[in-house]
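With chain X's structure known, arrange chains F and H on it following the hints.
Going down the list, the sequences are from chains X, F and H. Each step along the first sequence adds one to the number in my numbering, with nothing skipped, and position 166 is 335. Each step along the second sequence adds one to the number in my numbering, with nothing skipped, and position 72 is 153. Each step along the third sequence adds one to the number in my numbering, with nothing skipped, and position 102 is 506.
If you are wondering where the hints come from, they were derived from the structure by calculation, not from laboratory data. Quick caveat: nothing in here was measured; it's all calculated off a predicted structure. You may find that some hints are simply not true.
[Claimed, not checked] Capping the alpha-carbon separation at 30 Å, the derived lysine-lysine pairs in DSSO-like fashion look like this: (1) H:Lys475 <-> H:Lys511; (2) F:Lys264 <-> H:Lys475; (3) H:Lys497 <-> H:Lys511; (4) X:Lys220 <-> H:Lys471; (5) H:Lys471 <-> F:Lys264; (6) H:Lys497 <-> H:Lys475; (7) F:Lys264 <-> X:Lys220; (8) F:Lys213 <-> H:Lys497; (9) H:Lys475 <-> H:Lys505; (10) H:Lys505 <-> F:Lys264; (11) H:Lys511 <-> H:Lys571; (12) H:Lys508 <-> H:Lys475; (13) X:Lys220 <-> H:Lys571.
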Amino acid sequence: MTTRDLVLAALFAAIIVALGLVPPIMLGFIPVPITAQSLGVMLAGVILGAKRGGFAVLLVLLLVAIGLPVLSGGRGGLATFASPTAGYLVGWFFAAVVTGYCSERFVDRSQSGLVQITGFFLAALLGGVVVDHALGILYLAYVTGTGLSTAFIGDLSFVPGDVLKAMISALAGRAVMVGYPLLPQRA
Amino acid sequence: MKTLYVEGDTFLHRLSPRTKLLGLAALSLVLFLVHSPAVLSVAAMLGGIVCASLRLGWRQSWLRLRPILLTIVIVALFTLVLNGRHDALIVATRLTALALFAAAVTATTSTGDFIDEITRLAMPLERLGVVKAADIGLSIGLVIRFVPEILSRYQAIRDAHRARGLKPRPLTLAVPLIILTLKNADDIAAAIDARGIRAQK
Amino acid sequence: MDIRFEQAEARFEGRTVVHPLTLSLSERRIGVIGLNGSGKTTFARMINGLVPPATGQVTVNGFDTVKDGDKVRGQAGFIFQNPQNQIILPILKEDIALGLKSRKLSKADTEAAVEAVLARFGIAHLGERRAHELSGGELQLAALASVLVTQPDILIMDEPTNQLDLKNHGLVERTIQGLDENVIIISHDLGLIADFDRVLLFHGGRLAQDGAPAEVIARYRELAA
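Isolated chain X, as found in the complex:
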């Protein structure tokens, strides 16, 4: 990894941490506040790609593990990984990698804006929603012994919010790409 890649990942990790510290932002069209930290995970993949985005999220998890209260609500420490919902947290890493990998495959600088946004949306949906929720459900079902279907039903209520975040990260990803392109391009 070049020094620039290292710094980009560290700065993005700092952005994810900062997003956990700011008050929730209201969406324009529905009166629901969104917690921005999991949005930051999808954004890391969309903007930095698989390698640097994955490293950024890994850094956040490392900060949690070494006892810094960097998650929203001041959560942190090893106990966070002992929580029944730890699968979602560890899933962030895989979410960022998958989102980044798909973004690199789906999106090209020569495409039209709409195609780019759709590509980013699908990438964020696959990584941030499918992969992250799958891992979250698996771990939740394992620790509670309730079985997959119950864990899945409990999970469903969080899906709409995360789909919305995938949408926002697609729009933001495209806007950042126009203003300051960083996503590694296919050869």
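Coordinates of chains F and H only, in the frame set by chain X:
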């Protein structure tokens, strides 16, 4: 940023970070193999005693453990409804025990000790050419260094919205925040290289 | 100090930013001036190998900036335009110690070196402070300390007085005058370099004038008009 580490000189403080981490990993394995509510309850109580011995005070302990204990209660209630009393008791005691011991390790290991330990653990990976072990400490330092900077930038962007009579929205806040922050990467990377902090290939 | 450019050229994305240049620098105080985009910052970055020459060669005290990059960066310290981005670790002392890491000094020696350089710039009281709490002038002095702790022979500074108030401007200017190191300064601040030994003027990626401050500054005023 305030860490969750608490200064002190208890037995746990003096143990090496590696012993504590390996111990915690072993304990979590054992806890998942045990299916007796009685044994798990004893483990949870032991965890409580360990946490109490750190002399954090009730208020501090509660503030730290509240989010995770709340999640455990919700999950245990779910299990109670779906799988019955026996399973719910196992889930609640097992997870509580794990959370308490994990919180105790966090409270007795300083950030610096953790970074040194992670750097040592990464040495085999460095030999494989996956990462440079020293980069881990450097990256963690970078994150902590730039969080306050990003927060004040966020504040400035919010103020700019207000000054122009715009409502702050996730997109109009996040996009300029990300671009302004990442644009510094070139400068910061150049400074790291110019100071010879990461030996060049 | 002995810096040599031999037909060294810098390109960026296929465009020539600094045309082939042959030059040698040995004066203690050198100023570099020119309009925005004239190639002066790239020229400065070529000296310590941050920008490798596309063709030709640059050597510093006999070391090639490409082949012996690490040695060159040990000889030539660089202070960038925005001191904000040069302090990398949260606490000032930790940051300054970071530059010494490759020396493998003992903990006590590292601490002594950090204390000494902080004292040298009169900022010993800032050692435990967080980087984001420092003011513009304090940051510029902190950046100086973080670079000079490794005792380079040459110090290159890009716009050291940019965005400083009158008081901090005076402070930084006096500090620069008092430095024992060889100094190369890129600046729009013509007062800062008025009594330097030699001034280089860049224009359109070429060296347009090279000589005593008065004549070079006069030529710069003509070009800018």
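Contradicted hints - numbers only
11 and 13
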